[in-house]
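Number of protein chains: 2
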Amino acid sequence: MLTYTFENRGEKPYYQYLYECLRHDIEQGELPAGTKLPSKRSFARQLGLSVMTIESAYEQLMVEGYIYAEEKRGYFVSEMLGQMRYPMQQERPLYQMVQDDSRQQWRMDFTSNQVDRERFPMAIWSRLMREVLSSPSKDVLSPSPPQGIWELRCAIAEHLYHFRGMNVSPEQIVIGAGTEYLYHMLIQLLGRDHVYGIENPGYGKLANIYACNNVAYRFVDLDEQGVSIDSLRAKQVDILHTSPSHHFPTGIVMPISRRQKLLAWAAREENRYIIEDDYDCEFRFGGLPIPTLQSIDANDKVIYLNTFSKSLTPSIRISYMVLPLPLMERFRDKLGFYACTVANFEQYTLAAFLAQGYFEKHINRMRNYYKNQKNEVIALLKKSSLWERVSIYEEDAGLHFLLRIRTDKSDRAIKEDLDKCGIHIRSMADYTHGRKKIQEHTFVINYTALDTEALPEVLEEISRNVL
Amino acid sequence: MLTYTFENRGEKPYYQYLYECLRHDIEQGELPAGTKLPSKRSFARQLGLSVMTIESAYEQLMVEGYIYAEEKRGYFVSEMLGQMRYPMQQERPLYQMVQDDSRQQWRMDFTSNQVDRERFPMAIWSRLMREVLSSPSKDVLSPSPPQGIWELRCAIAEHLYHFRGMNVSPEQIVIGAGTEYLYHMLIQLLGRDHVYGIENPGYGKLANIYACNNVAYRFVDLDEQGVSIDSLRAKQVDILHTSPSHHFPTGIVMPISRRQKLLAWAAREENRYIIEDDYDCEFRFGGLPIPTLQSIDANDKVIYLNTFSKSLTPSIRISYMVLPLPLMERFRDKLGFYACTVANFEQYTLAAFLAQGYFEKHINRMRNYYKNQKNEVIALLKKSSLWERVSIYEEDAGLHFLLRIRTDKSDRAIKEDLDKCGIHIRSMADYTHGRKKIQEHTFVINYTALDTEALPEVLEEISRNVL
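The listed protein sequences derive, respectively, from chains L and P. Plus 1027 on top of the position in the first sequence (first one is 1) and you've got the working numbering. Plus 1027 on top of the position in the second sequence (first one is 1) and you've got the working numbering.
Wrong hints could be hidden among the right ones.
If chains are identical, the list can't say which one is meant, so a pair holds when it fits in one copy or spans any two.
What the hints assert, rightly or not - As a list, the in silico EDC-like pairs of lysine to aspartate or glutamate whose alpha-carbon atoms are at most 20 Å apart: (1) Lys1288 <-> Glu1054; (2) Lys1232 <-> Asp1360; (3) Lys1361 <-> Asp1250; (4) Lys1288 <-> Glu1106; (5) Lys1337 <-> Asp1166; (6) Lys1063 <-> Glu1047.
Source of the hints: derived by calculation from the structure; they are not laboratory data.
So here's chain L without its partners, still in its complex pose:
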């Protein structure tokens, strides 16, 4: 006779415990297929429980398919596929909760541009977010339209008009959770049967993204004016990634003549496009901002991309792209079913931040801060014993500069030795793929997050290591 005791029930309801006992016995083959279970009434009497309790347990087993009912005949055990090997998961202890130690701590990291929290206008951001969350007029709980909320797209269009000389409509703007995500959208929009061109040297992640998406990509060589048109033609590229206003890591600003040639190259074939990544345009320290390729493109060939992760804080994942109108139509047709990847209230907060002028103020403040930080880092370099064997290549822009070291030691050996001292640094070779002539001994200095108090000692360490 089927019976159970309830001593180990703990805090579970009776019906749940009974369900678990029966389920266990069915899974372990103790109650083989076809076994008739006691009637609810007799089982209730026998176990000293209510008929309701038995019914709830049987119901659950029925929903999950462990037993079935036959009219007027009662409840029977279903066919199982052999014994189940797993333990009842609830019985297993919860995994060991260990602290995540995946983030490596460097003594000094020349590869990161992470910024102090003090630099971010947290009080304003918090207040705007609070206002957004409590505003009954904003549909902060509705799903965002696929391209992002209208207010943010308007604010971005207005920003681009005043600060980048670009005349675009909010209808051309697509918001996404980070530039990498937008690259995925672009692959889907432009198609996989094209060859994507990546600047060489250049930003390393792009090749990873195209490789992971099984899309053909080729490295396009740069000369001293930026992307070489000859290389572009030789590699038969269809879609080119480029950062003409300030190339990473070389710092090249593409001159107008090369820009014209690039646009002419794109205009020549229907499937050619230029993806203009304007990632750090906000940070030019002297003169006017460099005009975008997008703003001089007369043939709808330039897709403009930018991100707030660099200009605001990397913890905010909001990027956007401006599509030429014909591509925008294709986007709506083909990709309009995708939900926007950025939370609504974050979009509203950023829209307010832009529209109320806080972004402009923030950028001005950061530009000053970065300029001072760069000057301080360079001043410390000049004071260090490293100075006699280095040259600095810096544009009046961007969040990094180049440091050329006169040494006979290989770049790799230098990096490995510095690594052992807790100093993380990358050289031009790390951003260059398979070119014969590599700029040797040229290191990329991301200076914005460097601790200037600890820097003199680190520079002496480097000085000792480059010999």
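Dock chain P against the given chain L, drawing on the hints supplied.
Then chain P, alone, in the frame of chain L:
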């Protein structure tokens, strides 16, 4: 002699206006390539400006490549590629700012489960977010680690343990901005050379996603127990999408025997996987939650996915997946370079919301609310004149039920006629692809957002239209 007047300068600095004039004349061919510009000193004297102003304008033109300097000889106009056809964009008026009218307003929408803002615990969410933003101990401004922040992954693991009987480690969890984004990650992780299986009938967007990514997918038929193993074999599927706890739109709960067969199918080949989308598991109204496939998988074959967009609010884009450990390693190797797509402070806020028990309370409250709402909608149906010609198919779960209408009118004609009355509804046929036997006259009722005051009139409208 080159000269300019400054009457139309407006509020621009002199150097910027002069730069724009020179640039314009170079672009229009008025100053052809090779033209020697006046020396800074003589130009300054002639225009009545400081040498510094001329220098700044020349500097900007040099950076952008419009002119070049030759030592001891002076400044010369660079070679242009013909005249540039574009107007100075700043001169053009800003695009017409029109209000976005893309969101269609329905009188009643049976296809949406959007929830009132009153249902979301906005005050608690706001408070937690405020705490996160002002907490100095949280690195809310650092970039999130690729899988998402550790605290949130711990909170999710704990939640899954207590409420889904799943014993997973935070190390297996990957956070992403929406389930669609995670599907993209899975395509990259599992590979494009596999055949993905989609339940038929089923959730329509999946086919769109695979089509946009040029990945082979096939529709797998369901029988009354869910995914048919025969169909799975016949279609030579490698990776199956399924929602065994509550299938959309049929409402099928997959019985244990079928689950076992499915797991056995997956275990048979190395490249077979099951993607278990547990999208509305929180909303079972009676009995215990249905155990997940993941929890009875002994062979690392199940990838579990869930989202907070359904259970919290669609404006929050946070989803997650639990990868079997071997796949997790592959993820770190192959996709670890991607930045997490969810803002850090949102992740921290959700982590606190989960860890402090608010999520559980919210779900309990929503479960009651939905149950009452469903009962009310069904009660109104019973009172309407539609009732005599319909049957309801409802599981004790989920955010929709099925309404079978006895009529001779085609589903398409019904939908079109209702559309004209501002009533948006979808039938089973909209979720079914190329099967001969389609459940005709079966409509999907997403009931959670229905306005019960307006419903009686709408039901009479439907009643008139189905004849």
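Hint-by-hint comparison with the structure:
1. Lys1288 <-> Glu1054: between (71 Å within a copy, 14 Å between copies)
2. Lys1232 <-> Asp1360: Between. Shortest inter-copy distance 14 Å satisfies the 20 Å Cα cut-off; intra-copy 29 Å does not.
3. Lys1361 <-> Asp1250: Cα proximity of Lys1361 and Asp1250: none, with 37 Å in one copy and 31 Å across.
4. Lys1288 <-> Glu1106: between (72 Å within a copy, 11 Å between copies)
5. Lys1337 <-> Asp1166: Intra 28 Å, inter 16 Å, cutoff 20 Å: inter-copy only.
6. Lys1063 <-> Glu1047: Cα proximity of Lys1063 and Glu1047: one copy only (18 Å, versus 91 Å across).
The earlier numbered hint that this structure contradicts is number 3, and it is the only one.
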